Amino acid sequence: MTAVKRVWGIPLVRHLVIGVVALVVVLFVLSSLSPFRNAQMATMAYLAIAAGGLTVLTGLSGQLSLGHGAFLAVGAYTTAYLLKDPDPPLPLVVIMLVSVAVALVVGGVVGVAAARLKGPYVAGATLALAVAVPALVRYLHGFGQEQGLHVIVPDVPRWFTDIVWQITGVDVDPVSYVAYLGWIALIVTFILLANLMRSRTGRTWRALRDNDVAAEIAGITLGRSRVLAFVMSTAAAGLAGSLMALSVRVAAPSGFPVDLSLTLLSAVVLGGLGSLTGALLGSALLTFLPQAVTNWGSSAGLSDVQSAELAPVVYGLIMMAVILLAPAGVVGSLRHAWQRRRGLA
Amino acid sequence: MQQFWTTLLGGLTLGAVYAAFALALCLIWRSTRVVNFAQAPMAMVTTYVGLEVIDSTGSYWLGFVVALAAGLVLGAVVERGLVRFVEGKSDLNVVILTLGLFVVLHSLAAIVFGQDYKSFPAPFSLQGLHVGGHNLAITGFGVFTLIAVAVVFVLLVALFRFTDLGLKMRASAFSPEVARLLGVRVGKMLTLGWALAAVVGSLAGLLVAGGSLVFPQFMDSVVVYGFVAAVLGGLDSPAGSVVGGLVLGLALSFVSGYAASDLVPITALGILVLVLLVRPGGLFSHVAERRV
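Line order of the protein sequences matches chains F and P.
Counted from 1, the first sequence has number 228 at position 228 by the numbering used here; the numbering is strictly sequential.
Counted from 1, the second sequence has number 18 at position 18 by the numbering used here; the numbering is strictly sequential.
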């Protein structure tokens, strides 16, 4: 019993076990859903990956980025550029990794500039970035201007269908293929991020978030840690963008408005700053809430246009309520309550 | 040559609007150390209120005054009702609160006022002025914009530099505890700071809207460029806001006039990054000691 407890205490083991269990559960859930629900699950997966990266940046290292949509655009355009022909030059997984690498490089450049700045100045620079990237893409040749690039999703590989069929007994159609890819990527990303958060690097980030002067005196190089956090979160955003291109099947400038960046930030806040579970919960809310609220709005007698605007009102209100009433977010508040109960019992 | 003057004067008017918006941000920053991301939607709402008044009474100036008054009330309500509760907590909380308000106001306006484009009247001519037989590239409304922003700037500087009230406001922002001990009603000063900033923001809204179309997203470009202008000048300085606004307005106007309008956002980003890499606190920043 104590041996099990000791092994469970190793973060890597714990995260891997949770990851494998989650993978199996996800396979069964996705195989039982309709194509429409699978498309929604794919959306949730890429939002959650981006929100997970932003959790590391904002929740852990305390830097605010209002421009993560720009890095999603970088990832999405890289994937779309490599997948614009029916016969892709590289395997899909490699294309996704290339998208991550490109976003990582761009993130490195922006991160070096951002690390010199404080609070509102970082926010201003990243906000300008969120507007600049879609406009630049519109201007440059070879990216399809306003219409954007169409993405041709490669056929589902034989071995993939076989494995899924072996486990769940269901065939993989092209729509759910993207959902499977998204959730596998999500689980891998979250295992990596969870390990990073529990490591020395994660502790360094928390230290500089809580008190940068003290952290510097303790021997932490502020600039390097800040840039590292920024790069990690942009890599996650690049992966999310790649999956977004695959699930939307197009990469166009209108897909990356400033609202997207703010939406991501709200996903991080809704669940609770600094918690990956929170990021997952926040992105679930963002994916499934709009439809529910819109239906509720039309049944309450609002016009279609009006009820479509109801969803942002609701999550804007939730965002404000979370900050005013439960600044630790939903997950953080539950954790506090749980710890308090255990302390009393 | 004609195109040069058109671009120059157009850039100045545009810059004046950014400057007004940046002044509003600077005012809140000076009085509460908060960046109000909901500034633009707040101005959008007050502009709609103004438009309703203009449509029902037919008087531009009545609508103008009502919009500014609505800004005053809205600013005070937002500070007293929302921002007050996260005062002194982590900076991130206030930012997220104002972003939440941004989203809510944006969508509420679309529900209440509708998504349609509505035309907003202008009090002055929208034709180029004639002086001595020459056709100038600036409109009557453009002149009004420049004058209005200049007046606001002078009033704000006078408020902060020469009046007792301005001193109290600066003290409350600089060191709330010491100010409270010395008998300043810090809470009231904060509310007043927000209210005044919202008035300036409403003015920016009216200037953007005049002679043009109003719809829930009409302030969106000003959000980004106004903010960039404020950061460019150094959030702390009203003069910096004005200079930042004018520099940005001129630069963007020349880029869109002589190159391509799609290059405007990347130019704004380029200017911002260049300035901040040389002076991380903006053009007009003071060197501040850091408190450990």
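Think of the hints as simulated: they come from the structure by calculation, not from any bench.
The reader is advised that the hints may include incorrect statements.
Said to hold, decoys possible - A short, non-exhaustive set of chain P residues, derived as facing chain F with CB atoms under 7 Å:
#1 12
#2 99
#3 112
#4 231
Predicted model only: the values in this text are computed from it and were never measured.
Yeah, the Cβ is synthetic: ideal placement off N, Cα and C, and Gly gets one too.
Right, here's what the structure says about each hint:
Interface hint status for residue 12 of chain P: violated, as the beta-carbon distance to the closest one in chain F is roughly 21 Å, over 7 Å. The interface hint given for residue 99 of chain P is met, as the beta carbon of that residue sits about 6 Å from the closest beta carbon of chain F, less than 7 Å. Contact between residue 112 of chain P and chain F, as hinted, is not supported at the beta carbon level, the nearest pair being about 9 Å apart and thus beyond 7 Å. Residue-level restraint check for residue 231 of chain P holds (minimum Cβ-Cβ distance to chain F is 4 Å; threshold 7 Å).
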